[in-house]
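Between the sequences and the hints, there should be enough to build the whole structure, so can you do that?
Given next are the chains, with one letter for each unit.
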Amino acid sequence: AQSVTQLDSQVPVFEEAPVELRCNYSSSVSVYLFWYVQYPNQGLQLLLKYLSGSTLVKGINGFEAEFNKSQTSFHLRKPSVHISDTAEYFCAVSAPYNTDKLIFGTGTRLQVFP
Amino acid sequence: DAGVTQSPTHLIKTRGQQVTLRCSPISGHKSVSWYQQVLGQGPQFIFQYYEKEERGRGNFPDRFSARQFPNYSSELNVNALLLGDSALYLCASRNRDYEQYFGPGTRLTVT
Chain Z
1 AQSVTQLDSQ VPVFEEAPVE LRCNYSSSVS VYLFWYVQYP NQGLQLLLKY LSGSTLVKGI
61 NGFEAEFNKS QTSFHLRKPS VHISDTAEYF CAVSAPYNTD KLIFGTGTRL QVFP
Chain F
1 DAGVTQSPTH LIKTRGQQVT LRCSPISGHK SVSWYQQVLG QGPQFIFQYY EKEERGRGNF
61 PDRFSARQFP NYSSELNVNA LLLGDSALYL CASRNRDYEQ YFGPGTRLTV T
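Residue numbers (my numbering), protein chains in the order written: chain Z, 1 to 114; chain F, 1 to 111.
No lab work stands behind these hints: they were computed from the structure.
Glycine residues also receive a C-beta, built at the ideal position from the N, C-alpha and C atoms.
Just to be clear, a hint being listed does not mean it is correct.
[Said to hold, decoys possible] If the Cβ cut is set under 7 Å, some of the chain Z residues that face chain F in the computed set are: (1) P40; (2) L48; (3) L56; (4) K101; (5) T106.
Spelled out as structure tokens, the structure:
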């Protein structure tokens, strides 16, 4: 079975500052990894994914994430945040043999201040 | 292209009632999954359907059921509603690159 831990429930940051949202996973098999963003009263939007290959993946809206197998982590980063990045961010994993079953973390609330 | 659509947007039901939620996937997507998101939590997997067959089920009671139609749209049914069923219900469809695209959700309130 897989599980996901998002270590920070809230991350406050000032506009134009860099940010890192942390995600650690647990699995006895290899996994696919995803980051989603959820704006208030909306569904989830896919930011980026890691399936295999290069451990640094780039996504939409200037976000990127790095897969670290030894630390079982998949942290999300952005070098300069905007007010519009204020939202809830979810890390998720799936097993390659069951890609439709996403296991989500509890989410990190990113609050960007002017 | 249109995204995943869900109806209704909001729903208020009384304990013990039954509810049906609907989902239309992105055109060309054959796999549909349902998730329950309780306030303040991440989504929890309920069901996955592919080509009208159930391919996966999460840890939910038998009061929850679903089906998929020949046009790949899907319905989620919940019987004998409990207060704890109040949540945002999300539908997602998947493409061939293992990317799940979520609809806006149906907000169910059970009173």
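Results for each hint:
| no. | hint | verdict |
| --- | --- | --- |
| 1 | P40 | violated, 12 Å |
| 2 | L48 | violated, 10 Å |
| 3 | L56 | violated, 18 Å |
| 4 | K101 | holds, 5 Å |
| 5 | T106 | holds, 5 Å |
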